[in-house]
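Assemble the whole structure, with the sequences as input and the hints as a guide.
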Amino acid sequence: MKTTQERTLLEGRELLTMYRDMVRIREFEEACPKLYSEGKVGGFLHLYSGQEAVGVGVAHALHHEDYLVSAYREHGLIIARGADPGRVMAELFGKATGVSKGKGGSMHMFDPDLRFMGGYGIVGGHLPLAVGIGYAIFYRGSDEVVVCMFGDGATNQGVFHEAMNMAALYRVPVVFVCENNGYGIGTSVVRASSVEQLYKKSCAYETPGSKVDGMDVLAVYDAVRQAVQRAREGGGPSYIEAITYRFRGHSISDPGTYRSEQEKKIWHERDPIPNFAEFLVAAGHAVRSQIEAIDGEEKAGIEAAIRFAEGSPDPAPEELWNDVYAPVQEGGAHG
Amino acid sequence: MKTTQERTLLEGRELLTMYRDMVRIREFEEACPKLYSEGKVGGFLHLYSGQEAVGVGVAHALHHEDYLVSAYREHGLIIARGADPGRVMAELFGKATGVSKGKGGSMHMFDPDLRFMGGYGIVGGHLPLAVGIGYAIFYRGSDEVVVCMFGDGATNQGVFHEAMNMAALYRVPVVFVCENNGYGIGTSVVRASSVEQLYKKSCAYETPGSKVDGMDVLAVYDAVRQAVQRAREGGGPSYIEAITYRFRGHSISDPGTYRSEQEKKIWHERDPIPNFAEFLVAAGHAVRSQIEAIDGEEKAGIEAAIRFAEGSPDPAPEELWNDVYAPVQEGGAHG
Amino acid sequence: MAEITCREALNQALREEMERDPAVFLLGEDVGLYEGSFKVSRGLLAKFGEKRVLDTPIAEAGIVGLACGAALAGLRPVAELMTVNFAVVAMDQIMNHVAVVRYMFGGQASVPLTIRAPGGGGHQLGAQHSHSLEALFAHCPGLRVVVPSVPADAKGLLKSAIRSDDPVLFLEHEGLYGVKGEVPEGEHLVPLGVAEVKRPGRDVTLVTLSRMVYVCLEAAELLARDGIEAEVVDLRGLNPLDMATVLTSVRKTRRAVTVEESWLSFGWGGELVARLMEEAFDDLDAPVLRVGGADVPMPYNKQLEQAAIPDAARVVARVREIV
Amino acid sequence: MAEITCREALNQALREEMERDPAVFLLGEDVGLYEGSFKVSRGLLAKFGEKRVLDTPIAEAGIVGLACGAALAGLRPVAELMTVNFAVVAMDQIMNHVAVVRYMFGGQASVPLTIRAPGGGGHQLGAQHSHSLEALFAHCPGLRVVVPSVPADAKGLLKSAIRSDDPVLFLEHEGLYGVKGEVPEGEHLVPLGVAEVKRPGRDVTLVTLSRMVYVCLEAAELLARDGIEAEVVDLRGLNPLDMATVLTSVRKTRRAVTVEESWLSFGWGGELVARLMEEAFDDLDAPVLRVGGADVPMPYNKQLEQAAIPDAARVVARVREIV
Ligand SMILES: Cc1ncc(C[n+]2csc(CCOP(=O)(O)OP(=O)(O)O)c2C)c(N)n1
Ligand SMILES: Cc1ncc(C[n+]2csc(CCOP(=O)(O)OP(=O)(O)O)c2C)c(N)n1
Ligand SMILES: [Mg+2]
Ligand SMILES: [Mg+2]
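Residue numbers (the numbering used here), protein chains in the order written: chain A, 1 to 335; chain B, 336 to 670; chain C, 671 to 993; chain D, 994 to 1316.
Hints are computed from structural coordinates only; laboratory data are not their basis. Remember, it's a predicted structure, so these values are computed and weren't measured experimentally. C-beta: ideal position from N, C-alpha, C; glycine also. Relax, there's no trap hidden among the hints.
Simulated restraints, written as ranges between beta carbons of each label pair:
#1 A:W321 / B:K375: 49 to 59 Å
#2 B:E373 / D:A1306: 25 to 35 Å
#3 A:S253 / D:D1275: 46 to 56 Å
#4 B:F614 / C:R685: 53 to 63 Å
#5 B:S523 / D:E1012: 22 to 32 Å
#6 D:E1222 / B:A651: 37 to 47 Å
In silico EDC-like pairs for lysine to aspartate or glutamate, Cα to Cα no more than 16 Å straight-line:
#7 D:K1040 / D:E1009
#8 A:K200 / B:E541
#9 C:K922 / C:D955
#10 B:K535 / A:E206
#11 D:K1295 / B:E373
Take a look at the structure:
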């Protein structure tokens, strides 16, 4: 058993990693608009700036073998899970070195080694997939857990209901994390959901529901860690609503005029990154210079990621036809 | 204002009509299996025997202008709403005189004059339609109400969630009545729904939910009347779970072996019809001979309905091509 | 006549029909406060209010079902699906409810519903956001399938769709909202089910719709340089399907190529080929060929995506095989 | 070889594959305790237990999505949709998830999922319960579409489907479960994408699948009385599509008719016609004609329903137009 001092050190290290991960995500996301306007990145582009504490808190609450599934706002999540920002950026560039070989783009990233089971673009569509991954875990009797991330708007979709019910019915190890950033594109939560407190929706499935401050990485970490532990021990699914805010528009093309300057200001004051830095210093987990070092390293890291993406090749033309079907197996046409 | 005595008489009359309606439905349904085995009726055939108190309680709680929408187990509902059993039977026979001109059959009956907006065969599929009818009422500012009937199994479908949410969000005058007969085909409620008490599902929409004895026509009538009044006065939707039982298999082809004899026996003792007859006599609303007269009249009425159906013509062959599209309107091809 | 974009033309049609008929209302995700993700409903919430411009939750089955019910009760809803890709989420409501209620209730029910849905590829939106589903909907009896290519049709067809007592899938192309063209002010109706010859020609008929109309016109230009005169027929929809115009053209040119953006296999081109073969076999000097999208989920990478979508060069190449 | 029904053949395939591979499991509405609404999964719950024979709520999107996720995580689910009519409720999961994940994730994801769904008309089930949706699924790249007509194929194709690493829509016909035929015991695989000539003939080729195979064989008998020898080709599926077998037959007979149960317009027949026209135009002595279901929602009335579904007489009449 470790001494208090050792444990603090350990925690200290982990806390700094959390900070580093949030900074990495922020640097990554904030580099995107320019690249998009330069035409290097295309398609839809949903940035995670402002929501980093949720993704990082979740990722740190997981074991390496645990699964993460997400909607399309997932750059930050796959990075929090440990993906090389270079390969994530390469995906945005549509390059062969991207996490999805340039075929998925911003919305559809995947990494089996990290057990990042994909970013999906149909709102709510991936929730039943998470239940299925949970069922596979239960089926094998292993002790992994799936965390499924989705937005507030997704909770009004029919599949949300079906997934929540089936997860509870089969007691699969799934933790549903709703990132309530207040809006589904231009529609605020109260204008789309009959119940304003989204965590209450789990009452219809006798699944524990709780609410957490999504701008506080440690609060998210604690809430998710408990839910994950419960799931790992066979306690079944739980549902967490993380209250957060996206600092940018819904996607790169959204000016976000439906949100008042006043509202944005209030939330920016709650920016999870500087606030966490203050906490780290105040609590003695780090000194200012360490923080600045991390900021600098991550800024440089993202510049390197962009260089990697720019230097990477496009997929070969024949890639158009690959991956539609499985490679033909032994024994039998398409068998 | 009426004198107490008059009112009792009136109630007495209405109570007898309720009894008559239940008997009519039972006689109708119990006549079907034979007709089916004779090949006069085809397709699926979902009988309502045992659930009469729900449909009749609901129908009596409605005004003439109110709407009723249902799933496929609807013979009893359209009859309770006032449809001529002859035309309902003719529909089962697929005759041109049927309520849907022989094109709908057992699952798809419709009568605009009775504001019976249809029986639908996709489990849960008609719930959003009910919300839409409610929206039309709200849109026009009239004071009608829609009652939407569905089974316990339907509450696990995604559209249930979407419809409940939208109904509450727009405060439309819809009363959702879940006929919980314990099973969705061979699957019992607890094996399909994570929450056993289905009325609790409305908690996720901040919509009042209540449970009522579906074998007691007056209990159903009272619960629905209150919900209808609330809706009529702009109070928005409510959700009622009526606990009932189907005396026969899911459909004519289902032996229903998944239900124990013991279970069936208990429920048959709760048969809404003889029990209501006992109540009427005991409470002095009717004398035995009146009850017997009604039983005889309704038996004869269904025999007449069968004769009407048998004597009716099939749709003309060209009917195959009619009703796919609206009759071509003035001004413009298909415009 | 004013030169306006398809976006403005659609907006005009909605505005005019809502003014004309109080039973017409809009619903959909972000159609109100946000004025539509493609801004087609700009200004309508301000003008008509929340009751007639209804923002909805993200629940496509609920949206289409609500609209279907409202139509059954006598209203004329215009439901906007943010994109046609999500129509698939509401497929049961569209196929098993909207399309069939009139028939299965013996003609007693009517669903005067218009479902607007932008679609199509070309913007690197990937495998879940690049569909053109004309063929799917056209396979379902009971549904009208209307597809405008120019601003004037966008307005005239949408007005006709809204006035139709049949349910109409009105399929717009995301790549055409900004396209400009002359559009008559006020009452301008284009009947459903009437194709239009966009360019006359004697050597080959290009049968197409939506954004591919422009691709075909471009191909026709290229072919013309070599003296090959292609006639371009814009179907403007698949149900009703105007075979008469197609047959007249093909009987003249004796050659035809169908051009569709969606997956070639089991797309709508096959239907046209089959009807042409049956009704004009002896008039054909060559097989009717098809051009269509690659049979793959849409890739994100720009070059791959461009390779997956038919272009003028591909059309020209196909034509050269038979002319 | 034992004579067994399609129902028993399917049951055998499921049982054998579950015994062979512990990753194979069944899920669906009433597949367990109730043993399937068509009793295809009879005895499987008793033998394999609840974990491997999973009863689900009535939630098709949830069922297909759960199966898709389980497949992503390495299992080999066999999802039963009570009927194909409800596949439409899960259309988004099938089209936008199951079909595309391998591609959109650059080949890193695999969905070895089989979705079984009974369908077809003929039992007076009306407009919402009589679909045959082969054409819809065949239009979506990424999905295999397999359609057995006889017990031996029901077993052999289902086993191949379950072993395939591609998602397979396995479409059974409600009217064929009771049909008997010889079925090899134990290991019997029929590769996906290989059509079969059910009856040799020199005068015309009937291209068909599912229950229509029987209708075509009946038509062939009638035609034979008048000396017309029809060759009947059972496609056994639409993806992979075995054009080679069809072309070989048509190059011999120089005439063809496609026969499908579903709505004729925008059905799969058009695809066959288009490919035949392109690949065998000069070998054809007559237009390739099509027989298909009436383009109407299915009516309940028996006579009307019979009139809506293709029968031998209709096939014979079409053949006589070109022979
Ligand atoms: C089924 C479906 N409907 C509509 C859309 C279009 N759309 C993309 S994102 C979005 C808003 C989702 O909001 P939310 O779930 O809160 O997630 P957020 O974007 O806020 O992270 C919508 C409506 C979609 N992608 N899928
Ligand atoms: C979407 C859909 N899935 C499956 C079916 C097949 N099915 C018909 S009735 C039924 C059970 C419905 O149970 P419940 O909702 O409780 O109604 P009940 O039959 O008990 O009145 C099922 C699964 C269907 N008709 N629609
Ligand atoms: Mg949101
Ligand atoms: Mg039930």
